[in-house]
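J.: Spelled out, the chains give:
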Amino acid sequence: MSTINFAAREINCKIVYYGPGMSGKTTNLKQVFAKVPSHLRGEMVSLATEDERTLFFDFLPLDLGSVQGFKTRFHLYTVPGQVFYNASRKLILRGVDGIVFVADSAPNRLRANAESMRNLRENLAEHGIDVKEVPMILQINKRDLDGALTTEMIRAVIDPRHELQWHEAVADQGRGVFETLKTVSRLVLERLAKGQ
Amino acid sequence: MIEPSLALYGESFDQVETYLEDLLEATGVRYCLLVDRKGFVLSHKEALWAPRPPALDSVATLVASNAAATAALANMLGERTFSEQIHQGEQGAIYVESVADVALLTLIFESSVPLGRVKLHAKKTIAALTVVMQNLKEAPVIKFDADFGSNATALLDDLLG
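In order, the protein sequence lines correspond to chains A and B. Its first residue numbered 835, the first sequence is counted upward by one per residue in this note's numbering. Its first residue numbered 4, the second sequence is counted upward by one per residue in this note's numbering.
Please keep in mind that the hints were generated in silico from the structure rather than gathered at the bench. It is possible that part of the hints are untrue.
As the list claims (entries may be wrong) - Footprint (simulated), chain A over chain B, 3 or more residues, beta carbon under 8 Å:
#: 1; stretch: 9 to 22
#: 2; stretch: 148 to 157
Stated by the list, open to error - Non-contacting residues of chain B with respect to chain A, defined by C-beta distances greater than 12 Å in every case (computed):
#: 3; residue: D25
#: 4; residue: E28
#: 5; residue: G31
#: 6; residue: W52
#: 7; residue: S61
#: 8; residue: G81
#: 9; residue: R83
#: 10; residue: I89
#: 11; residue: H90
#: 12; residue: G92
#: 13; residue: G95
#: 14; residue: E113
#: 15; residue: S114
#: 16; residue: A130
#: 17; residue: A131
Claimed, not checked - Result set (DSBU-like, lysine-lysine): computed pairs, CA atoms no more than 35 Å apart in a straight line:
#: 18; chain 1: B; residue 1: K127; chain 2: A; residue 2: K905
#: 19; chain 1: A; residue 1: K924; chain 2: B; residue 2: K126
#: 20; chain 1: A; residue 1: K1028; chain 2: B; residue 2: K122
#: 21; chain 1: B; residue 1: K146; chain 2: A; residue 2: K905
#: 22; chain 1: B; residue 1: K146; chain 2: B; residue 2: K122
#: 23; chain 1: A; residue 1: K1028; chain 2: B; residue 2: K146
#: 24; chain 1: A; residue 1: K869; chain 2: A; residue 2: K1016
#: 25; chain 1: B; residue 1: K146; chain 2: A; residue 2: K924
#: 26; chain 1: A; residue 1: K864; chain 2: A; residue 2: K1028
#: 27; chain 1: B; residue 1: K146; chain 2: A; residue 2: K869
#: 28; chain 1: A; residue 1: K1028; chain 2: B; residue 2: K140
#: 29; chain 1: A; residue 1: K924; chain 2: B; residue 2: K127
#: 30; chain 1: A; residue 1: K869; chain 2: A; residue 2: K966
#: 31; chain 1: A; residue 1: K924; chain 2: B; residue 2: K122
#: 32; chain 1: A; residue 1: K905; chain 2: A; residue 2: K924
#: 33; chain 1: B; residue 1: K140; chain 2: B; residue 2: K127
Idealized CB from N, CA, C, for every residue including glycine.
With the hints as extra help, turn the sequences into a complete structure.
T.: What follows is the structure, encoded as structure tokens:
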């Protein structure tokens, strides 16, 4: 549930970008950071290794503005995608209000996508959460790759029941980045409005 | 909901503000923050003479993440938690201690400030804050009116195009 600070009249929502390593989670945040006017965003914090792989998380705060007298903010996080950083991924999921699952369209990453989604379900379950309780959007990234997997194939392994809204993206060119963020933000706010 | 939201408002909030103000005065630290476990600032105070603080959102996020990682490490080593963290640099230091397992008191100060004094006063403040945290009441339910959705959508359009 979003954190509502009644004293400061603030609503804070935590959105986490999840997905396999190198699928483009950090790239999404970098695009948002680059394109949102500086007065509406804070500093981007990246805890990465020397070769720019996410070690713990990336973080970017965004100001939406005032909704019914409450200053509303989104805190965007990425998780480290590499398999062996699972302890970090679990920590970052604490307090999550919305999830963007960034899938990789590269032909050799179908299994990695499926394993990452399974890992997400397991980590949420460890926190006592059913994956269906959290607003989630699927972003199918790297659509410009030669031999990219079909979206049907990716959805078949990640979301076989076709329950998730999804967007195609080429995050390093900014395509699909804002559409995805907007959709997940809307779902989070809708849930908030229902008092959930 | 994974982490509980703290309903810190009204009288409780005023009490916390007073305790932080007193702590700031007693210790001589620059900045004093109460952060929840999700990394959101619940309350903060800064000394009148202090320079503009760093981005508090980032500070709070890093403090909470660091505390979460430290707690995970403690569990792996068979400890319930490591309750306090101190990081000392050449110019300044940061002291973080858990409050009733739900929040983190964070003090940022110059290295000329004696750590012993900071710890002594911080522990007294934590005892007082713990009582406040334990007596927090249920958060009031916010009734958003019918325009909430359209207002939020309009703002999202402005922010994200």
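J.: Beyond 12 Å on every Cβ pair: is that true for B/G95 relative to chain A?
T.: B/G95 is indeed farther than 12 Å from all Cβ atoms of chain A, at 19 Å.
J.: With a cut-off of 35 Å on the C-alpha distance, tell me whether B/K146 and A/K869 pass.
T.: holds, 33 Å
J.: Does the no-contact call for B/S61 survive, Cβ to all of chain A over 12 Å?
T.: Incorrect as stated: the minimum Cβ-Cβ distance to chain A is 5 Å, not above 12 Å.
J.: Between B/K140 and B/K127, is the straight-line Cα distance small enough, at 35 Å or below?
T.: The given pair, whose Cα atoms are some 23 Å apart, holds under the 35 Å limit.
J.: Given the hint that A/K869 pairs with A/K1016, test it: the Cα-Cα distance must not exceed 35 Å.
T.: holds, 14 Å
J.: Does the structure keep A/K924 and B/K126 at a Cα separation of 35 Å or less?
T.: Holds, at roughly 30 Å.
J.: Please confirm whether B/G92 is truly not at the interface, meaning its C-beta sits more than 12 Å away from all C-beta atoms of chain A.
T.: holds, 18 Å
J.: Given the hinted pair B/K146 and A/K924, is their alpha-carbon gap at most 35 Å?
T.: holds, 32 Å
J.: Taking the shortest Cβ-to-Cβ distance between B/E28 and chain A, state whether it exceeds 12 Å.
T.: holds, 21 Å
J.: Hey, is B/H90 genuinely clear of chain A, shortest beta carbon separation above 12 Å?
T.: Non-interface label stands for B/H90: nearest chain A Cβ at 15 Å, farther than 12 Å.
J.: Run the distance test for A/K1028 versus B/K140: straight-line Cα separation, threshold 35 Å.
T.: OK: A/K1028 and B/K140 at ~21 Å, within 35 Å.
J.: Hinted pair, alpha-carbon criterion (35 Å max): A/K924, B/K122. Please report holds or violated.
T.: holds, 31 Å
Comparing the model with each earlier hint shows violations of hints 7, 20 and 22; every other hint is respected.
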